[in-house]
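Participant: Let the sequences and hints guide you as you build the complete structure.
2 protein chains.
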Amino acid sequence: MKIGFLGLGNLGTPIAENLLQSTQQLYVYNRTAAKAQPLADRGAVICSSVAELATLSDVVFTLVSDDAALQAVTAGEEGIAANLKKGGVHVSLSTILPATATSLAQLHDEHGSHYIACAILGRPEAARAKKLNLLVSGNTDVFETIKPVLEQCGAANIWAFGSEVGAANVAKLCSNFLIVSAMESMAESIHLARQSGIDAEQLMHMLTQTLFASPVYSTYGNSLLKEAFLPAGFTLKLGLKDVNLINEQASTVGVQLPFGKKVQELMNQCVEQGLGEHDWTAIALASR
Amino acid sequence: MKIGFLGLGNLGTPIAENLLQSTQQLYVYNRTAAKAQPLADRGAVICSSVAELATLSDVVFTLVSDDAALQAVTAGEEGIAANLKKGGVHVSLSTILPATATSLAQLHDEHGSHYIACAILGRPEAARAKKLNLLVSGNTDVFETIKPVLEQCGAANIWAFGSEVGAANVAKLCSNFLIVSAMESMAESIHLARQSGIDAEQLMHMLTQTLFASPVYSTYGNSLLKEAFLPAGFTLKLGLKDVNLINEQASTVGVQLPFGKKVQELMNQCVEQGLGEHDWTAIALASR
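Protein sequences, first through last, are from chains D and X.
Under this note's numbering, the residues of the first sequence are numbered 292 to 579, in order.
Under this note's numbering, the residues of the second sequence are numbered 292 to 579, in order.
Hints listed in this document are in silico derivations from the structure and should not be mistaken for laboratory results.
Do not take every clue at face value.
Identical copies carry no separate label here, and so any pair may be met within one copy or between two of them.
[As the list claims (entries may be wrong)] Straight-line distance between alpha carbons at most 25 Å, and here's what the computed PhoX-like set of lysine-lysine pairs gives:
#: 1; residue 1: 528; residue 2: 553
#: 2; residue 1: 532; residue 2: 553
#: 3; residue 1: 293; residue 2: 377
#: 4; residue 1: 293; residue 2: 438
Facilitator: Structure (structure tokens):
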């Protein structure tokens, strides 16, 4: 299978590198072409347009910043849907609304190709370590066909969320919401502990050995203790984009999210304070 | 050492049972005397007053509902401080403010006895399984002396938080705050997932195998999925008491807790809706 990859950002690049290790031919496209050069140096072929990428590939991965960017590269005469061969598969890795996934899947369907939602749990270092968790939804036959390619992205686990194409996007939004909520609650606890004169490192050590012995609490707890907000692993601005999607989805389906609204408010404060390019753990600074 | 135990509630009873297994003589006192009878049937001696309990014991454990109740059994002529022998130790297991611990430690000091703060992480079933985590603070020499007795309470781990006597109370408040925040964020995620048409069981299964593989997320996540709010493991009313203490402590030390205020608001709504005796996971019902 010929593989295409569009979107060589912080997370896209290590995933494309993983694919390059196991595929005969990797086609890449990035709006900022310079970002594709290191991959080209290792054998990837740089395409000059989205349409060229789609035409040359059997399976095209996209990882872009938001719903509008994904729409822009997928729809239209020069987009992926119009140029991918019949039976080709568009694997969408971006964090977007389930409704966007549904409409793009419909568009691919009209062109005789397929759209699979594949949300990623994991930061760039997890991609490099091939420890990503992939949440997948869409046509189950298509999923089975491309599963070996998904594994080559750097997946430790692939979680199938069924044939409703937006399901993986919902799961991803819920996951990110739980992460940001855990961050905010840890930030508040650490601040309360310190101002109360107790050793917050010891508190977090105890908690991450017992009740909260999990990767999110260990990793983000550590960042919060160190106030290691730069360089960003995942920027607050991108985190806020996800939190906005979470609240939009909640509003669409009529669910109240008291914590969802609160983290949105706190992250907006952070962006207003000029912290948009800090790591999203900088949400800790909002309530200081 | 002669051990005394005051406060035979849901959690006090299994801890007293554990102590009874390894001590020669256990004295017990409970305001509602009938609750002491099962322990007496197994060899414990029921005392008729707090003063009698304190007079007969070398180490007295207390586990009562709040700061005022602890003050009431500790201070005054009939209280523990006035009746415990010189060098005796009061081990306070209740969830209270650090300032209360400090003032009671001072009172014991004036009477030539000691006060150790020993906060408990764990529900009654963990006490029965001897899997409690104990968070301890206070005079370190005294702590070392009574450590074997603390182990007999049903401790899997004992975490020493130093000589500042209120430290364990702060650690406990922070822990409970993290738990209730995790509960609320899971409740919101589960509701959002279900209303968006995805399988919340599968979502939580994935999360508790990966990013959130921890006891709090597994246990409370499971309760939230099942909406198993009765019978209560820990009542919402008691949880709200702790959340009130968390917010009071934050206010004392000048810390803003956006999530702390929000959970307080949600739990107050639940109590107003008559859910005070439900399990505190019923916080999930506030935003429906």
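Participant: Hints first: check each against the structure and report whether it holds.
Facilitator: Checked hints:
In the homo-oligomer, the alpha carbons of residue 528 and residue 553 lie at most 25 Å apart both inside one protomer (16 Å) and across protomers (24 Å), since each shortest distance falls under that limit. Taking the shortest Cα distances, residue 532 and residue 553 sit within 25 Å of each other both inside one copy (14 Å) and across copies (22 Å). In the homo-oligomer, the alpha carbons of residue 293 and residue 377 lie at most 25 Å apart inside one protomer (14 Å), although the nearest pairing across protomers, at 82 Å, exceeds that limit. Proximity of residue 293 and residue 438 under a CA criterion of 25 Å is satisfied intra-copy only: 14 Å inside one chain copy versus 65 Å between copies.
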